[in-house]
Amino acid sequence: MDFLSLFFTDFIKQLQSPTLAFLIGGMIIAALGSELVIPDAVCSIIVFMLLTKIGLTGGIAIRNSNLTEVLLPALFSVITGIVIVFIARFTLAKLPKVKTVDAIATGGLFGAVSGSTMAAALTLLEEQKIPFEAWAGALYPFMDIPALVTAIVIANIYINKKKRKEASDSAMQESFSKQPVAAGDYPSTRQEYLSQQKNPGDNKVKIWPIIEESLRGPALSAMLLGLALGLFARPESVYKSFYDPAFRGLLSILMLVMGMEAWSRVGELRKVAQWYVVYSAIAPFIHGLIAFGLGMIAHYATGFSMGGVVVLAIIAASSSDISGPPTLRAGIPSANPSAYIGASTAVGTPIAIGFCIPFFIGLAQAIGG
Amino acid sequence: MDFLSLFFTDFIKQLQSPTLAFLIGGMIIAALGSELVIPDAVCSIIVFMLLTKIGLTGGIAIRNSNLTEVLLPALFSVITGIVIVFIARFTLAKLPKVKTVDAIATGGLFGAVSGSTMAAALTLLEEQKIPFEAWAGALYPFMDIPALVTAIVIANIYINKKKRKEASDSAMQESFSKQPVAAGDYPSTRQEYLSQQKNPGDNKVKIWPIIEESLRGPALSAMLLGLALGLFARPESVYKSFYDPAFRGLLSILMLVMGMEAWSRVGELRKVAQWYVVYSAIAPFIHGLIAFGLGMIAHYATGFSMGGVVVLAIIAASSSDISGPPTLRAGIPSANPSAYIGASTAVGTPIAIGFCIPFFIGLAQAIGG
Amino acid sequence: MDFLSLFFTDFIKQLQSPTLAFLIGGMIIAALGSELVIPDAVCSIIVFMLLTKIGLTGGIAIRNSNLTEVLLPALFSVITGIVIVFIARFTLAKLPKVKTVDAIATGGLFGAVSGSTMAAALTLLEEQKIPFEAWAGALYPFMDIPALVTAIVIANIYINKKKRKEASDSAMQESFSKQPVAAGDYPSTRQEYLSQQKNPGDNKVKIWPIIEESLRGPALSAMLLGLALGLFARPESVYKSFYDPAFRGLLSILMLVMGMEAWSRVGELRKVAQWYVVYSAIAPFIHGLIAFGLGMIAHYATGFSMGGVVVLAIIAASSSDISGPPTLRAGIPSANPSAYIGASTAVGTPIAIGFCIPFFIGLAQAIGG
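Chains as they are written, first to last, in the working numbering: chain W, 102 to 470; chain G, 102 to 470; chain B, 102 to 470.
Derived from the structure by calculation, the hints contain no laboratory data. Hints are supplied without guarantee of correctness; some may be wrong.
In this list, chains with the same sequence are indistinguishable; a pair is considered to hold if it fits within one copy or across any two.
[To be verified] Quick list of in silico lysine-lysine cross-link-like pairs, BS3-like style, CA-CA up to 25 Å:
(1) 230 <-> 341
(2) 230 <-> 264
(3) 341 <-> 114
(4) 200 <-> 230
All values derive from a computational prediction rather than experimental measurement.
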């Protein structure tokens, strides 16, 4: 009773926070047909500045902290990233009208992390004055990369198995070598991650190029740059005079853009199986709860803060918006991008920001208080 | 005597203010052939931030204030917006070599509001430490929309009348139906605002789509978004850390761009009747004085501040630079854009910013002091 | 001994400063294949803001200072700019496989000034709390323009001489008038700076258009605009609230871009004679030392600060990145841009920022301390 009332008061208060209010505002003005456009160049530089700032915060914090504290939460991030993909593989993929490769790619996208969703969570925790480890944002790559790698690896194992089966089924038929490699409906133009194949059964997935591609993405490389500068240089002066004060304001613009983007993607949902919508609405909570549970273990074992547990939960609840899609497109060329991107942007991200952040903050306060 | 000396000292001092100095600087470097270019993406985001900030200020102020105070100034804004169009209809339109539809469109543009001119006025009032109602910027749409609607409606009534006359004149001639609808010299590709017509006399102007188009424009929708967020959310933290401190600096860049833009449009003036230049130089003062007079009534009746009266006068003196032109182009397709945009950008806006703002501030101080 | 230890401690400390750390970070992430891109529009507005800020600082400082102090450093800037071009003419141009016009153009580029390198020097001096004249940044055009003018003039004199020689050599041969004017290998499409020629020997270089083109470039016109506003207007409010606080942060982004740009140009070095690389690595130190020496004269003669001497040295050590290249391309169309731009961006600029700034600051401290 007390929990619920506390929770709802908090929820309403958080919807009024600039971060969520701009997200909702963006959806509303897009729904009303506003011609407002935030230029792409502005979005790019905002993403760069937000992730550089998160990296700098993490780097400076790690430089001044005990590295052993980071170990357990980082391990739990890796585990969560991998588990999320397997959940999609064994739930979403089994549903009618859902292609297995599309489901795996969707799992990869939901396992990967959205920098802007994480930035929103960090800001809301600050506004609520809930303390969290300054290096919490640095957990990002520990969940992001394992999720993408897992998705691409199991998608390609599935494709190979299917192909071997088809090959033996059609042994008497026309030479297999003329058939396209990808089994799905979509053209496969990039297959960098697949080793040079002599025969179909020989397809091996190289893991390192997937990791490399993830690390090179604009969001993650901005964050790792910030992390390295925070660790090895003395960026405190620009951090305090520039990256930190601009953070919330820039985030408000980005939230507006994400709200408008979410609304504009709603139309795409009609083209894909309705199960993607159901999955995108439920998955952020399930993923968040798994990470929240693991975070609680770290809370009791090593004193990981309740704020840190919320960050871990939100990283899990978020789905990648910038780096994830191109990596998946390259890694699983036969999956349909409008299946995984549409549902994630139009449903998953607004749910993660607008519902999961207040929910997990409320949960942490109810448990911790 | 005392009035004049006070006025001129002030005038010089205000030309040195960053806002006006950057405007003049922009004109000078453009005149000297500078290759400096401020990218479009930067201009868009500056306009977004300025108008969001004005909206936020207004929304927060209205939330904390007595709504009845706003009524009289808002009503006077509507009246001024409508009157300005009729002035153009009965003065500019009667002049030699001026097409009636072009004159009405020009009136609509001068009745509509420039967010950047208003931002300049608000900044100069602050610099001069003249208090004004925080919601004064929210008067913008109350003048902008009525002016655009009035211009489009009376332009189309005029076009229809003229057509009916032509139709009866040429009753014996070739079938009217093959003739283009628009009477002017310019191609009419968009006629969304005209109802489906069965015969020429049937042309009715739909008012709601014009209002909708105005509200959807990038400038007005940024402002209304800010207003709504200010009213219903708690944006104080980003307002204080981001939108408010950046306001003057961003405005200085926008003023520079407007100065360069004004200079680059001077060439266009040669192509249109010289009466447009005369009108653009005089109209800002006439419109401002009408609004100033109405504002004084509100000053004595409901205690509307002298600073607020200046804001009302400058809103009236300004001519729309962002949202107005596309709305008019769609609403009065037969009017010549280079007639109304050229004169407004090259003459009207610099006069409004560089002369009307100091003039009305001086007037307010002389009366109020 | 004491000098060296002081120098090296300082050097390491300065590499950790945000300015240099972002430059190095940019090179590293580019080398690692990061897909991070800072949009061009963002780079343009950053350059505009940095140079406007430097101009404003200079203008406000000159308004409040004794103009005679500026004379000697300004004269030394002019001398250094001219001398640098002649050094290239009589060293680089004499080396094997180096075309004379290419060498002169390279000299012009190294004599001209990089606003971002200068901004980095000013920031590092502030971080080290070494005082310098606020107008020191205003020395920029006094070195930049003479260098470009000298390079273009002596390149064209050389081309004309060569042509006269060829003309007399081939007097018996086919009519000269059909041959292209430029003697080099590259197509010459723009020859605005050459007077209309009746016969080859008549080629006269007009100096004023070169100066005009330099002044009109985006970097220099932003700086001169700031200078004029600082001198004649009262821009202190936007200076303090916007241009000054944003300076270091924006510079950090620009340094990152320059680091990435430097790395991406390394490939171009293979296409040109290796002497360009040697020249680009040594020249910044030589040029800086010449200016440092002249600056010391001003230090003893008129009390020019040691910080100011460092600024003068860095202006000399830097090579132009924004305005210089297009001016040289127009003025010496027969020179090969990839010879002078590649070496300057990939080698000269990183050396000037990463090595010369710490070196000259260390030198000034060792001498001054």
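Hint by hint, here is what the structure shows:
Taking the closest pair of Cα atoms, residue 230 and residue 341 come within 25 Å of each other both inside a single copy (19 Å) and across two copies (18 Å). Proximity of residue 230 to residue 264 under the C-alpha cut-off of 25 Å is found in neither arrangement, the shortest distances being 54 Å within a copy and 68 Å between copies. With identical chains, the CA atoms of residue 341 and residue 114 are at most 25 Å apart between copies only, with a shortest distance of 19 Å across copies and 28 Å within one. Taking the closest pair of Cα atoms, residue 200 and residue 230 never come within 25 Å of each other, the shortest separation being 44 Å inside a single copy and 64 Å across copies.
When the structure is compared with the earlier hints, violations turn up for hints 2, 4 and for no others.
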